Amino acid sequence: MSIRDLLSPFTAWKYLLKNPVTIPDPLNDRPGSARYRGFHKNDNEKCIGCGTCEAICQNGAIDMLPVKGTATQEGDSGLRPRIDYGRCCWCALCVDVCMTGSLTMSNEYKWVESDPDAFRFTPGVDEKFWDNAELGYQRPEDHRLVEAKRVTMEEMDADTRINSFAEIVNGYSIEQAKLEADRCVACGICIATCPTHMAIPDYIDAVREGNYERGLKLLYETNPFSNVCGRVCTRKCESACASRHEGEPIAIRWLKRHIIDQVPFEKYREIIGEPDAPTGKKVAIIGAGPAGMTAAFDLVRMGHEVVVYEAKAAAGGMTRYGIPEYRLPYDALDRDIELIVSLGVKVHYNTRIGSDIAMAQLEQDFDAVLLAIGLQEGRQTRIPKSEHEKVYRAVDLLDKITSEEAFELPHCAVVIGGGNVAMDIARSLARMQKQQYDQVDVVVTAMEDQQHFMADADEIKEALEEGIIIRDNCGPQGCEIDESGHLIGLKTWKVLSILDENNRFAPTYDDSDETIHACDTVIEAIGQFSDTSLLGEELTEKLEWNRGRIDIDSNGRTSESWLWSAGDCVSGPDVVHAVADGHRVASSINSYISSNESSIDKQS
Amino acid sequence: MTDNTEGHISGKDKLEACSTLKEILQQATEFERTARDFYAELAPKVSKKIRYLVDELVIEEQNHYDLFIDLANDPEVAAQIKQEIITPPSNKRFSDCIQLPDLGDNPDDQTILQYALGREQAAMDQYNSLADSTPEGPLKDVFTFLAQEETEHKNELEKIYYEVVHSGGV
Amino acid sequence: MAYQPDRSQYPQPGADGKLDIDLTSGKYLKLWQGPQHPGITGNMAVELTVCGDEVVEGKVHVGYLHRGFEKLMERRTFIQCFPIVCRICVPEPDFNEYCYAAAVEELAGIEIPEQARWIRALILEMGRINSFLMYCGGQAGSYGMGVISQWTTYVRDLMLDRFEELTGARIYHMFILPGGVRDTLPEGFAQRMEETLREIEITMKDVYETMYCNAVFKKRTVGLGVIDPELLDSYGVTGPNARAAGVAKDVRKDQPYLIYPELDFEPILGQDSDIYTRADLRRQDILQSVDLVRQILAKMPKEGPVMSKLPNVLHWKIPRGETYIRGECSRGEYGYYLVTDGSGFPRRVNVRGPSYTHAMSLLERMIVNINIADVAGLMVSLHTYPPEIER
Numbered sequence: 001m002s003i004r005d006l007l008s009p010f011t012a013w014k015y016l017l018k019n020p021v022t023i024p025d026p027l028n029d030r031p032g033s034a035r036y037r038g039f040h041k042n043d044n045e046k047c048i049g050c051g052t053c054e055a056i057c058q059n060g061a062i063d064m065l066p067v068k069g070t071a072t073q074e075g076d077s078g079l080r081p082r083i084d085y086g087r088c089c090w091c092a093l094c095v096d097v098c099m100t101g102s103l104t105m106s107n108e109y110k111w112v113e114s115d116p117d118a119f120r121f122t123p124g125v126d127e128k129f130w131d132n133a134e135l136g137y138q139r140p141e142d143h144r145l146v147e148a149k150r151v152t153m154e155e156m157d158a159d160t161r162i163n164s165f166a167e168i169v170n171g172y173s174i175e176q177a178k179l180e181a182d183r184c185v186a187c188g189i190c191i192a193t194c195p196t197h198m199a200i201p202d203y204i205d206a207v208r209e210g211n212y213e214r215g216l217k218l219l220y221e222t223n224p225f226s227n228v229c230g231r232v233c234t235r236k237c238e239s240a241c242a243s244r245h246e247g248e249p250i251a252i253r254w255l256k257r258h259i260i261d262q263v264p265f266e267k268y269r270e271i272i273g274e275p276d277a278p279t280g281k282k283v284a285i286i287g288a289g290p291a292g293m294t295a296a297f298d299l300v301r302m303g304h305e306v307v308v309y310e311a312k313a314a315a316g317g318m319t320r321y322g323i324p325e326y327r328l329p330y331d332a333l334d335r336d337i338e339l340i341v342s343l344g345v346k347v348h349y350n351t352r353i354g355s356d357i358a359m360a361q362l363e364q365d366f367d368a369v370l371l372a373i374g375l376q377e378g379r380q381t382r383i384p385k386s387e388h389e390k391v392y393r394a395v396d397l398l399d400k401i402t403s404e405e406a407f408e409l410p411h412c413a414v415v416i417g418g419g420n421v422a423m424d425i426a427r428s429l430a431r432m433q434k435q436q437y438d439q440v441d442v443v444v445t446a447m448e449d450q451q452h453f454m455a456d457a458d459e460i461k462e463a464l465e466e467g468i469i470i471r472d473n474c475g476p477q478g479c480e481i482d483e484s485g486h487l488i489g490l491k492t493w494k495v496l497s498i499l500d501e502n503n504r505f506a507p508t509y510d511d512s513d514e515t516i517h518a519c520d521t522v523i524e525a526i527g528q529f530s531d532t533s534l535l536g537e538e539l540t541e542k543l544e545w546n547r548g549r550i551d552i553d554s555n556g557r558t559s560e561s562w563l564w565s566a567g568d569c570v571s572g573p574d575v576v577h578a579v580a581d582g583h584r585v586a587s588s589i590n591s592y593i594s595s596n597e598s599s600i601d602k603q604s
Numbered sequence: 001m002t003d004n005t006e007g008h009i010s011g012k013d014k015l016e017a018c019s020t021l022k023e024i025l026q027q028a029t030e031f032e033r034t035a036r037d038f039y040a041e042l043a044p045k046v047s048k049k050i051r052y053l054v055d056e057l058v059i060e061e062q063n064h065y066d067l068f069i070d071l072a073n074d075p076e077v078a079a080q081i082k083q084e085i086i087t088p089p090s091n092k093r094f095s096d097c098i099q100l101p102d103l104g105d106n107p108d109d110q111t112i113l114q115y116a117l118g119r120e121q122a123a124m125d126q127y128n129s130l131a132d133s134t135p136e137g138p139l140k141d142v143f144t145f146l147a148q149e150e151t152e153h154k155n156e157l158e159k160i161y162y163e164v165v166h167s168g169g170v
Numbered sequence: 001m002a003y004q005p006d007r008s009q010y011p012q013p014g015a016d017g018k019l020d021i022d023l024t025s026g027k028y029l030k031l032w033q034g035p036q037h038p039g040i041t042g043n044m045a046v047e048l049t050v051c052g053d054e055v056v057e058g059k060v061h062v063g064y065l066h067r068g069f070e071k072l073m074e075r076r077t078f079i080q081c082f083p084i085v086c087r088i089c090v091p092e093p094d095f096n097e098y099c100y101a102a103a104v105e106e107l108a109g110i111e112i113p114e115q116a117r118w119i120r121a122l123i124l125e126m127g128r129i130n131s132f133l134m135y136c137g138g139q140a141g142s143y144g145m146g147v148i149s150q151w152t153t154y155v156r157d158l159m160l161d162r163f164e165e166l167t168g169a170r171i172y173h174m175f176i177l178p179g180g181v182r183d184t185l186p187e188g189f190a191q192r193m194e195e196t197l198r199e200i201e202i203t204m205k206d207v208y209e210t211m212y213c214n215a216v217f218k219k220r221t222v223g224l225g226v227i228d229p230e231l232l233d234s235y236g237v238t239g240p241n242a243r244a245a246g247v248a249k250d251v252r253k254d255q256p257y258l259i260y261p262e263l264d265f266e267p268i269l270g271q272d273s274d275i276y277t278r279a280d281l282r283r284q285d286i287l288q289s290v291d292l293v294r295q296i297l298a299k300m301p302k303e304g305p306v307m308s309k310l311p312n313v314l315h316w317k318i319p320r321g322e323t324y325i326r327g328e329c330s331r332g333e334y335g336y337y338l339v340t341d342g343s344g345f346p347r348r349v350n351v352r353g354p355s356y357t358h359a360m361s362l363l364e365r366m367i368v369n370i371n372i373a374d375v376a377g378l379m380v381s382l383h384t385y386p387p388e389i390e391r
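Residue numbers (my numbering), protein chains in the order written: chain A, 1 to 604; chain L, 1 to 170; chain R, 1 to 391.
These are computed hints drawn from the structure, not numbers from a lab. Here the structure is a predicted model, which is why all the values come from computation and not from measurement. Hints may be right or wrong, so weigh each one.
As the list claims (entries may be wrong) - A partial selection of chain A residues facing chain L, derived with a Cβ cut-off under 7 Å:
{"id": "1", "residue": "Leu27"}
{"id": "2", "residue": "Gly86"}
{"id": "3", "residue": "Arg87"}
{"id": "4", "residue": "Gly188"}
{"id": "5", "residue": "Arg504"}
{"id": "6", "residue": "Gly536"}
{"id": "7", "residue": "Thr540"}
{"id": "8", "residue": "Glu541"}
{"id": "9", "residue": "Trp545"}
{"id": "10", "residue": "Arg547"}
{"id": "11", "residue": "Trp562"}
Said to hold, decoys possible - DEER-style ranges, computed between Cβ atoms:
{"id": "12", "chain 1": "A", "residue 1": "Gln450", "chain 2": "R", "residue 2": "Glu74", "range": "30 to 40 Å"}
{"id": "13", "chain 1": "L", "residue 1": "Asn63", "chain 2": "A", "residue 2": "Glu538", "range": "42 to 52 Å"}
{"id": "14", "chain 1": "L", "residue 1": "Glu163", "chain 2": "A", "residue 2": "Gln450", "range": "50 to 60 Å"}
Claimed, not checked - According to the in silico footprint, chain R covers these stretches of chain A (three or more CB under 8 Å from chain R):
{"id": "15", "region": "145-153"}
{"id": "16", "region": "236-246"}
{"id": "17", "region": "302-314"}
{"id": "18", "region": "378-388"}
Yeah, the Cβ is synthetic: ideal placement off N, Cα and C, and Gly gets one too.
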C-alpha cells in the first residue's frame, strides 16, 4: 500500500471531461455491418421452392408454403420459405445452402411490431422495409455447403469410338456414383418433373447407402425401362434439378444406370416379385415399344392376360430401331424386354395389325385394346427434287442399320435437321463410313443456330469430335441433280431468324446467301409422324381426333370405350413419357376391365 | 416448299393491263368462293385424322368471302367501282389459283398445307401489287387491308406447317 | 480469512455426510446469494450458511440455465450442431465453435486451409480479450467500482464492432464452422482493429490506475481467496486461476493448436494465487492477447481459401470414432469430447468448460471461512460463466 494507491483512483475524474462514447440515436445512427446477418430477403423470381433451407434449418424456423401468385411449374415447387423469427437464430445456414442464391440477408436488425404473429413472414413475398437494403450477409463466393460440379462420366475418346458401335460411356464406378449421389439435396423437384414420377431422391439415397437392390426395386416401381432410361432418357429431371442453378445438375440418368449395372439380372425377378393371381381378362397391345411394354408390365402383374402384337422382328420400338447401339446397346434393352416377357407377356413378332389381323378382330377377342404404335414414319421436306431416290428419311435408315438391312452407304451425306435423330443418323453413318471407307464425310445442316439445336449438347459435342461437320442457320431449298440424274448436293439459304415474337416457328431467309452442300445422299431428319392406316377407314372415322392425333382423355382412353392409346403416337416422341403413358393407360384399362363395364359393353 | 410459290412469273404476265375495281373485286370474291368450296368438298374425302386442317381452311375462306361481299356493298367502295386500275403482274398467278388442282385421292396434311400456302402467297402478292399501283385514297386502303389479311393468314398457315412437319425429330 | 484446516471449531459432518448445522439454534443463518443478486456471476446461486458474517458452508446451485445442448446435438446433423454450440457459453462463444469444428474435422478427416487456421486463432484471441474485459468490469463491480465496468464495456463494444464486421454478428458469431471459416477479413479490417487495440490499451491503463492501484481494492483482495497450488490438479484448475499460483498451465503452449507455435508469447505467471494476483494476471493477459492479435494480423496469409470442401452437409456421415479437442479460453481449458458412430448425428458430445470445476467444486471449498462481503469478489475472481456449467 502506498500513497499512490490512495491518489491514483482519483484519475477517474478525468472522464468528466471526456465526450460520452454512447451513440445518441442508435436506432438510426447504427446500421448493421456489410456482412451483418440481419433480416432475410428472398428473390422470389430466383427461388424455386426446393426447400433446402427448410431442410438445413436446425431450429425448424422455416416452413415451405404455397404463396399467392406463385404457381407450381416445371422446376419450381411454387412453395416459398416462411420464416418464424420466434425460432430463427440467424445462423444463415439457409443462405449458405440456398441452391439458387435467392435467399440472402439484409443488415437490418430493428423491427417493432405489436402483433407477435407478424414475425412469421415470407421474405420476398410479404413486403418489408429492408427488402431493398444493399448491405447484409450473402454467401461468400467460394463458400459452398454442397458440391457444384458433377462427377465426370468417363467415356471412350472420339478416335476409338468412331471405329465401332460400342457404347460410349463407361458408367460410374461405385466411388464415383457415391460422390455424385452425395451432391443431391433430395429436394424432390425432379419427381414432379419426371413424367413417370420416379422416386429419384430415394434411389439416389440407395446409391449413397450402397443398397442397390432397394434402388432397383424403387426403379421398377415406376419404370420398367430403367435400362433404357438409365442411358437415353430425355431427363427432364436434370433440367429441373435444383443443383443446376449454381452448378451442374445431378447426373440422375447415370445414377439410375449405375443401380442397374450393380444388380445382377438374375436377381431382378426376385426383387420385383411375382404377378398377381390370374383374373381371366385379356388385353391386346399393339406395338412393343416402351409405352406398350410398360402397360404390358403393369397389366400382367395385375394378373391379366396380355398379348402384344409387334410388326417388327424384335421389341423396343424406337429405342431399338431408332436409337443407335453406341447410345443404347441392344443387350441393355433386351434385359428390360426380357424381364417384362418373363412375367408372362405374350409377344407376337412380325405381326402387323391391319393387314395380318384386323382391329375389329382384336376388339372382339379382347377385353381392351391398347394402341401404342409410335411415330414410325419420317417427315419429308418436299423441297424441289427431294423425291430423288438418294433422299432418305433418317428413321428409315436407322431402322435398316438395326435390322442389318443392306443399303448403299453414302460416301458423302448431308443430313437435314438439328435434333437427336439427325445426330443419331449422322453419327451412325460416320461410324459405317469409317469402317468401310476409312473416312468420315457427313454434314449436318439445320435451320437453328447451334445453340438452339433440339439435340442434346453432348450429342453435338460428340458429333463434332467424331469429325461430323455441322452447318447451322441453313434452310433447305432444294436438291441439286446433275444431267445424268445423280444427286449432287443440297441447296440451302441462310436463315435470318426462326421464331416469331410468340416463339412460334416462322423462319425468315436471306435468299442471296445460298450454299450448295455437295453430297451423294440427303437424309431428312426433320420430324416423324404416325401411320395410323392400321385402324382402317371405318374406325378412323369413328374415332375422335385432335389436330392429327387420336383424341384421348387424361387416362389415355380414346372415344371408343375398348380402345386406349399411349406413347409417342399420342404424346410426341419421348421414351420416359411413353413409359408414363403406359402406366396411366394400364391403370385405366385395369379399372375398366375389373369392373363389370367391359362385359356389359361386350354384350351390347 | 417456298420454291413452289415464288419466282415463276413469266415475262408475258408482266404485260400491264387495266381492269376496273369491279372486275378485281369480282375476281377476288370468286377466288375466295372457289377456295371455300374446294376445301368444303375436300373435307369428307381426306382422312378424319387431318380433316381439322381442311375444316379450318373452309372457315377461313368463308370469312374472306364474307369480307368481300361486305366490301362490294360498302357505299364508299361502290362509288369507285368503275375506276380503272393497273393490273399487277401477279394477276396471272392469282387467277390461276381459281383453276383448282387435283390433290390426289387421299392428300396428306403436308400436301394440303403446301397448297393452301401457295394460294395465300398468290393472294398476298396480288393485293400488295394492287395497293402499290393504286393512288392514295380509300381504295388503296382497301387493298392494303386485304393484303394484310392474307399475309396474316399465310403466316399462320406457315406456322402450322412447321409445327406439323418440322417437329424437330426429337 | 481463508479456509481453516483445523475444523474442530466448526460444525462437523454427520452420519449422512452433511454438516451438523442446527438452524434453530439461532447461531446460523441461511443466506441465498443468487440466482438474482448483484453479487453473482450470471444465473446461478450460492446457498450460504453463515455464522455471524463468516461463511461456514456454501452450496452452489445451478439448473437455472439448463438447455440440454449436449442432448440436442444428438438429434441434429453435424452441420446443424454448428449454430447451437456457441450458445453453450454466452460471454465467450467462439471456443465452442472452434472445439466443435476441430473435433468434427478430426473425425471426418478434413484439413482446413491455412488462412482459416489464422483467422480462427484471431477470433479466439479477440474472444479472449472480450472475456477478460468483461471479467475486469465484473471484478471491479464486485468491489463497488461500477464505473470501471462502464469503461471496459465501451472497449468491449469496440471489439464487438470488429466481430460484427468480420463475422456478421456481435455475440453469437457462428463463423467458425466445420471445414474452415465463413469468409476472409473485410477490407481495412487490420487498421480498424489496430485502432480498437489502441483504445483497449488506453482504457486498460486507466483501469490499472483506478483499480489495480487502489488502496481499497488492494486491501480487500491481497491475500484473499488463495488457491493452494497443491489443489490445482485434484480440482482440475486451469488457466489464469492456475497460472496465478505459479503453475504454467496454458493449452496454447502445452498442446499447441492452430497457429500458436508460430506466435511469440510466454504464459504469464503469478505467485501469490490470491484475488489480486489473478486480477492482475488477467490484466496482463489482455495486453498479451492484444499483442497476439497484432502478431496474427501481421503474419497471417492474406490469400487462399478459407473453407475446405465438405461432403454434402445434408447427409454428412462421419465414421465411428472419438476425440477430445481443447483450447485455452480466457478461463482455462475448454474442451469438446465428441463420439461418432458412423451415422449422420453425433453419438455423444460432452463439453468440458472450466467453470464447472472453478465455480462448483473449488468455490464450495474456498468460500468456507470467508466474510460474506468477500463472497462476490471471490466468486468473480474464479471467472465463471454459468451457462457452460450446465450446457
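Hint check results:
1. Leu27: Interface hint status for Leu27 of chain A: violated (61 Å vs cutoff 7 Å).
2. Gly86: Constraint on Gly86 of chain A not satisfied, violated at 52 Å.
3. Arg87: Hint violated; Arg87 of chain A Cβ to chain L Cβ min 49 Å, cut 7 Å.
4. Gly188: The hint is violated - Gly188 of chain A has no Cβ within 7 Å of chain L, the shortest such distance being about 27 Å.
5. Arg504: holds, 5 Å
6. Gly536: With a closest approach of 11 Å, the Gly536 of chain A hint is violated.
7. Thr540: holds, 5 Å
8. Glu541: Holds. Min distance 5 Å.
9. Trp545: Because about 5 Å separates Trp545 of chain A from the closest Cβ in chain L, which is inside the 7 Å limit, the hint holds.
10. Arg547: Result: holds, 6 Å to nearest chain L Cβ.
11. Trp562: Given a least distance of 19 Å, the restraint on Trp562 of chain A is violated.
12. A:Gln450 with R:Glu74: 30 to 40 Å: Hint violated: Cβ distance 55 Å, outside 30 to 40 Å.
13. L:Asn63 with A:Glu538: 42 to 52 Å: At 33 Å between Cβs, range violated.
14. L:Glu163 with A:Gln450: 50 to 60 Å: Roughly 22 Å apart at Cβ, these two residues miss the hinted range, so it is violated.
15. 145-153: holds (count 3)
16. 236-246: violated (count 0)
17. 302-314: violated (count 0)
18. 378-388: violated (count 0)
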